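Heads up: the sequence lines are chains A, B and C, in that order. Letter by letter, the first sequence follows residues 199 to 465 in the numbering used here. Letter by letter, the second sequence follows residues 72 to 374 in the numbering used here. Letter by letter, the third sequence follows residues 769 to 1144 in the numbering used here.
If you are wondering where the hints come from, they were derived from the structure by calculation, not from laboratory data. Since this is a predicted model, take the numbers as computed values, not measurements. Ideal placement from N, C-alpha and C gives every residue a C-beta, glycine not left out. Hints may be right or wrong, so weigh each one.
[Unchecked claim] Derived list of chain A stretches under chain B, where covered just means 3 residues or more per stretch with a C-beta under 8 Å from a C-beta of chain B:
| no. | segment |
| --- | --- |
| 1 | 288-299 |
| 2 | 337-349 |
| 3 | 410-420 |
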Amino acid sequence: MRKVSAVNLAAIAVGIAFLYLPIVILVIYSFNASRLVAVWGGWSTRWYGELMSDVPILDAAFISIRLALVSASAATILGTLAALALARFGRFRGRLLFAAMIYAPLVMPEVITGLSLLLLFVAVAADRGFWTVAIAHTTMAMCFVTVIVQSRLVGFDISLEEAAMDLGATPLATFFAVTLPLILPAVAAAWMLAFALSLDDLVIASFTTGPGATTLPIRIYSEVRLGVKPEMNAVCSIMVGVVGVAVIAASLLAKLSGGERAARAQP
Amino acid sequence: MRRNQPRSLWQSLVVRIPYAWLAALFVLPFLIVLKISLSQSAIARPPYTPVFDLAAGWHGIRAFFAALSFDNYVLIGSDPIYVLSYLKSVEIAAFSTLILLLVGYPIAYAIARTPRRWQAVLIVLTVLPFWTSLLIRIYAWMNILQRDGPLNQLLVALSIVKEPPVWLSTNTAIFIGVVYSYLPFMVLPLYATLEKLDESLLEAAADLGCPRWKIFWQVTLPLSSSGVIAGALLCFIPIVGEFVIPDLLGGSRSPMIGQTIWMEFFGNKDWPAAAAVAVVLVCLLVAPILVYQHRAMRAVERD
Amino acid sequence: MQSAGSKRGFAPWADPGAWPLLRVEGLSKRFGGFTAVNHLSLDVYEGEFFALLGPSGCGKTTLLRMIAGFERPNTGRIMLDGVDLSPVPPYRRPVNMMFQSYALFPHLNVEANVAFGLRQEGLAKLEIARRVADMLALVKLDSFGRRKPHELSGGQRQRVALARSLVKRPRLLLLDEPMAALDKKLRGETRFELMELQRRLGLTFVIVTHDQSEAMTVADRIAVMDQGRLMQVAPPAEIYEQPNSCWVADFVGDVNLFEGRLGDDGLSVEGTAAGTLRVAAKSPAEPGQVVWVAVRPEKLRIAREQPSAGLDNSVAATVLDIGYLGDSSLYKLRIRDGSQVKAAVANIGGRAAAAPAVDQQVWLSWPPEAAIVLTR
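Please construct the entire structure, taking both the sequences and the accompanying hints into account.
As structure tokens, then:
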């Protein structure tokens, strides 16, 4: 058993505190009864109550969730196909360009992705709204899906697929009977990431959205640009809570169902 | 070993569907940006000329090309607003990448040195904040950095300062926000290489008489250089084009390039100028993106 | 050294009228600039236990994967029961493979792994259950059906892999280093189980191995491969006693080689490091041609005194080193021109006090019929 030195322990403690303290403070302030940040007015759920009657925020939340569901699912399918192509089909023609199109969007500044997608939608005279944002989010998220699923595919023993075919399974049957069950933890993780990316995105959505499709981040952004607002503390705390519970539940689920196998699939 | 069997229809679809999707929604938009950056701003819908119109036939196409110009690029080169915002973006990205390395390396190193059971938990803890929205995390810092926010309250209470300093709308706030938001992106690749580092190498170095600080410089750091480069690229490239952080924490007096594009687009409605600024930004980032891409591809496929 | 007692007289390859089950014709496979299999032809007969033996990288696994359908040959063809397999994808070939890694599906339990192939055929549930149960009984895993692969020992996993590939009753079973992952003792037992199973089911096995004692034990015939070519195809005893080249003699077991020129009578080899050597069988080589006399170490006798002049070959030597192996001792000796010779002596009488010691002068001798003449 390795001993953890005091310096290392301090580095970890400071790092974790730095990462979590701002969020903890945000959550605490969301329960501040006072409208002023400087004044602690006692614990209260007042801002959560006011939120429940804030129709624009609720509408935006509903749109964002629908958007995340649609784009995460589409991105997972497209991204998994791309991962299969990269990991299993060897050196097909145009593979280098294909790989470039997968890896570039991962680091491409969002302003550029958003701007270029908007100009495309304008060029083809598409009505901007829910579906243009969904397409944009799908494109951005599928690249993350591909990288996660691809690393799982590369990591697993290809002779498992060969064994299935040797035993008489067609390529399609092999995919559903052997490949998919084995990459499922990675596919699930990728779907969750895609969901979170879509739910979080402000920049790309701002460029590609249209009337009637104001997402939650766009709504929050327009509210907080001008300063801190206690209602926004409450919205943000709820989102933090939902994400936290979802991530912890998912990792517990993966542990229970897949055990060691699922753990290895985590990127 | 790669199979080279003839592909069935469904197998070729596996390649073609995502290929076509990315070609249509990643490459094509880029070409359109390039084209619009060569157009003129106009008060119309869409707000630029010329508009590509195939119905006008060969003549129309010739007229179209004749109307393209480099005016927007000349504008970018001559107007200090653009030049300054490029410089500021690169400067902020470079400095914050350096800070991230200095902050992230000890954390990654410490995590890699803890017992195996803890490592997974600590990595999850490091990545978890990334799952919440960037907007929320930056908003959390707006709370903290306000004039009468908790940070200044603490500083005044501890008598470190007499007058509460101004944090928001300064570069310091941008640095804090960037380091906070990108820390997981720096720690993860560093941890991935440090975790693979064979401890017997460190023991061998010690056995050969190398003092501990020297071991770090001569063994640990060189062996983790791939993680350092990966982390630096993974942070530097997106930070250059960052919008949310400088917009909420920094001021609007000297904008970063992401803000400039946003302003040209939403504020001034000058689409050709926004497109030209974007094209120059991509050119600026092309080299680091290519290096990053090459390394990421190799890393995934070697795995 | 005939391997299978009950198969005495089984030699379809010697019968010119027999049809091979598997015929490989002029098969080549290149990976980039590297030729893994080089214009190779081969016949395997029904009911045969056939071994492909060779050093790593000799192309034996590539050959096996081409038969299974995972690699496409550049030239040549593979016929099974007279039918060309080239256009047949792996999942339609009546051939099954046991993978070196076993390739057990980690998400399926033992039963489901074994049933996998039968499900692909769309057999009735009852029929599948019956055949899986029979097969698990055959490999003595009846009570392990519900376990996942990671809950099994190495030996049990190996038997699941075997059961999974056997349950489809393939025309031909391919085994890629099936015992490489087992420990030494288990490997020894498994060899005999494998032979027993093959005989009972009357199937045709092609096994790939780099372990010569494994190939010798299990196989009816061995094909020795090197650099993508077949060096010799013959029953184990023939490979050992009558290798057709220095390379085969050296690869299969230990050998002492003496280079010289064939004498005019064809029964002696002149000018070797050990002088003129007599051999028993007439060599097909021309007198005066460069040949090699090959003698296995265990066929040499070591004596302190010079043997009485007879037909036996003898040479004076100095003991350099003695390796004690338990059942035998391996002597390293130097003969008069400085070249080294190996001799193996069975330890029959325990550590006999009479055994020669290092640096002692001894005499090596062997009868002419213990050696053979090789021309390449």
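Unmet hints by their number, sorted upward, for this structure: Those not satisfied: there are none.
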